[in-house]
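J.: The chain contents come next:
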Amino acid sequence: MTRSLFRALAAPLALLAAWAASSAPASAAPCASNCLQPGDHRIAIWSGGLLRSFLVHVPESYTGRDDVPLLLDLHGFSSYAADERQWSGQLRESDRRGFIAVWPEGMALSWNAYGCCFLGNALLVDDVAFLRSVIVEMKRRTHIDDDRVYVTGISNGGGMAQRMACEAADVVTAVVSISFPLNSDQCRPARPVSVTAIAATDDGTINYYGNSPVWPLPATLLGVPLGIQGARESLAAWKRLDGCSDELTRIQLKDDVRVEEYRDCRGGTRAGLVTIVGGTHVLYSGYVGLGYSGDYVAPIDVAEYMWTTVFDR
Amino acid sequence: MTARRVRQAALLLWALLAGCDDGPDADPASHPAVVIHAVSQAERKASQPAHVPAPPAPLTPENRPPLTEMAPQKPFTDPPLPPELLDDGDLIPLPSPPRRQ
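Protein sequence lines, in the order shown, are assigned to chains A and B.
Letter 201 of the first sequence, counting from 1, is numbered 201 in the numbering used here, and no numbers are missing.
Remember, the numbering used here sits 313 above the position in the second sequence when you count from 1.
Treat each hint with caution, since some may be false.
[Claimed, not checked] On the chain A side, residues computed to face chain B include the following (Cβ under 7 Å):
(1) 185
(2) 189
(3) 201
(4) 209
(5) 232
(6) 248
(7) 252
(8) 258
(9) 264
[What the hints assert, rightly or not] If you anchor each label on the Cβ, the simulated ranges turn out as follows:
(10) 397/B x 34/A: 42 to 48 Å
(11) 40/A x 396/B: 46 to 52 Å
(12) 38/A x 405/B: 39 to 45 Å
(13) 32/A x 400/B: 22 to 28 Å
(14) 396/B x 294/A: 17 to 23 Å
[Stated by the list, open to error] Far from chain B, some chain A residues (derived; all Cβ distances over 10 Å):
(15) 39
(16) 64
(17) 92
(18) 171
Read the hints as simulated data drawn from the structure, not as lab findings.
Where is the CB? At the ideal position from N, CA and C, for every residue including glycine.
Just chain B, same shape as in the assembly (with noise of 0.2 Å):
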């Protein structure tokens, strides 16, 4: 019964989260974080009295950088991976790491 209830509290807290963001449209030409970051860059760098780069072209659904690369990172850094951690070995070796797209 417990279960049940908290199961059903977690999908009210999607439906919550869902109602005020359903993640990323499939649809490229709708992204709108692509445009708010571009304002916002924009924005930053015209309040500086010199040296002001030219305002990076409207992004548009075919020069947009990836969402990944848009995309927040891990705030810390990894050191490189030690030499013993890049060397298979005997074993049978990883699979590639899925492509960025």
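Next comes chain A alone, as it looks inside the complex (with noise of 0.2 Å):
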């Protein structure tokens, strides 16, 4: 039934990915090398036949002489760059904090993340050669710091973010993934990488406690797992690859905010998993999206937090 069901669509989603490709700004390059302003960009590349395209911001206090971090910040399922700009709170940090920050855009709205999310997974889109590609042209036009390349994303992008840590942790120090967990048993990271995930157990969406695929999807679709597993045993498995001690920091950190950590990991790489008791699924305050009026606050600025305990620690 699914693989009628994928033949029946294939062409009506065969001309919305090329209408999605086609969408997609052409400008050209605003630098070719060492030459990118403080200032908003969008900058668009090829990656596997696909024209794709990323948000820029250049803080006010880049120089263009001395390294600064690196962050990629990506959207969820049904989002977009912009959105995601608008309300994840890493263009305020970046200015804040003096790094450049990137809002890289999906395929379809969607990133093909271990098991999540339709067209993106469907059409294995190979969004983790199009970050990799997005690092390496940021790095042309900008200093960027080697040992300071994060990678960021809310719901289907912290899928995505997680992805990254197990595909190229050679180039990304450190992930933070906000509403969804690692969801795979086939992460081989190229060396210790750390990984905190930010979930609430009332998310609705990705259930803190795992779940399965919605009925009557099958638990694969094109060799990609529907099923979410748990926060607590997504934790688990990044203690596993990052070969952690079996000793936690346990952290209150507010009566419906609590942290567990593995810090004595190798590489001196951590990880962690910060639980917000009730919320929803976007962390984000006030955002106003698909499902959201804007009236959910946020116990802890996720933005804020993962640069003060995670990336600036």
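Take each chain as given, in its own frame, and dock them per the hints.
T.: This is the structure we're talking about:
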């Protein structure tokens, strides 16, 4: 049934993919080498035969002389780069802390990230290659500290951030995933990489305790698992992958925010889980979007948190 | 402008999917997958020459298993959680996982 469904959808989906690709701005690169100026930019590149693009914010403090950190901030499913830029808080943190922020555009509002999401996973879009290219392009255009390349994202973007930890650890230093676990048993990072997940117990989209594929979807679709790993199992997986000791640091940050972190891991890395008791799927305060009216206030500012406790520690 | 077009594309995509399958019906008597699963099992077992167990009783709204048990599971199994992750320590305990209906 699944196969016939995809046959029926193949033509319109291909058209949709082509349209989405063609709708990306085809602006010329703003500069060729070490010349990106403070301000906001959109850069388009070819990756895997597709025209892809990403937004860039270079803070005013950037001089072009010193290496600065680079952050890739990945939007969720049905969202897009400008939406993530508006709500994630990383634009503000970029100006405050002096790192260069990048918001890549997923293919047809999705990323191909360990079980999620359509259309990216169905078309087997090579988003790892795309994001690797983004890092290369940014290193070419700006002075980036090789040891401070970070990836974060929410929901499907969080899953893609986890995938980058698995498949691009050679160029990524640390990852913070919001509302998406590892969700794979095939993760083989090239070197230990710090991974922190932020998850809410009342997340009705990606269940904190894990869940099965939405009925009647199969367990795998085109080789991609559709079930979701629990947040605690995901932390346990990163403990194993990073070779952490059994020593677990526990912090009750607020009544409804608890932190569990392995700090004794190979290569000085850490594996952590920030649990927000209650909460919701999109943990950006005031977020307005599909199913969100803007009245949710998160107990922590996730952008500020990840910089103070993970990236800038 | 691009964002609006992309959003419209997403809505179109959902509309396409919804047209093919709009998910499980709230009425328990109208779950076709229950029937499909049962027929598939019965046909496979009927082709075996011996030791054919009795076919399962027809599924009704009263005796069908919960949907969550019929749904396919994540295709890999996590090892048991390490002891320290089963212990709240000094932390305020987590709420219980939602009960499988």
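J.: For residue 39/A, which was marked as not at the interface, is the minimum beta-carbon distance to chain B over 10 Å?
T.: It holds; residue 39/A is separated from chain B by about 19 Å at its closest Cβ, greater than 10 Å.
J.: Verify the CB-CB distance for residue 396/B and residue 294/A against the hinted window 17 to 23 Å.
T.: violated (41 Å)
J.: Mind checking the hinted window 39 to 45 Å against the Cβ distance between residue 38/A and residue 405/B?
T.: holds (44 Å)
J.: Far enough from chain B: is every CB of that chain over 10 Å from the CB of residue 171/A?
T.: Consistent with the label, residue 171/A stays out of reach of chain B, its closest Cβ about 26 Å off (over 10 Å).
J.: Classify the hint on residue 232/A as holds or violated, based on whether any CB of chain B lies nearer than 7 Å to its CB.
T.: holds (5 Å)
J.: Under 7 Å is the threshold here; is the Cβ of residue 209/A close enough to any Cβ of chain B for the hint to stand?
T.: It holds, given that the least Cβ distance between residue 209/A and chain B is near 4 Å, below 7 Å.
J.: Would you check whether residue 189/A satisfies its interface hint, that is, whether its CB is within less than 7 Å of any CB in chain B?
T.: violated (17 Å)
J.: Note whether the CB distance of residue 32/A and residue 400/B lies within 22 to 28 Å or breaks it.
T.: Violated - the Cβ-Cβ distance for residue 32/A and residue 400/B, about 55 Å, lies outside 22 to 28 Å.
J.: With chain B as the partner, please determine if residue 252/A meets the hint condition of a C-beta pair closer than 7 Å.
T.: With a minimum Cβ separation of about 5 Å from chain B (threshold 7 Å), the hint on residue 252/A holds.
J.: Against chain B, is residue 185/A within 7 Å by beta-carbon distance?
T.: holds (4 Å)
J.: Identify whether the interface hint at residue 258/A stands, where standing means a beta carbon of chain B within less than 7 Å of its own.
T.: holds (5 Å)
J.: Return the status of the interface hint for residue 264/A: holds when the least beta-carbon distance to chain B is below 7 Å, violated otherwise.
T.: violated (12 Å)
In the structure shown, a violation is registered for the earlier hints numbered 2, 9, 13 and 14, in ascending order.
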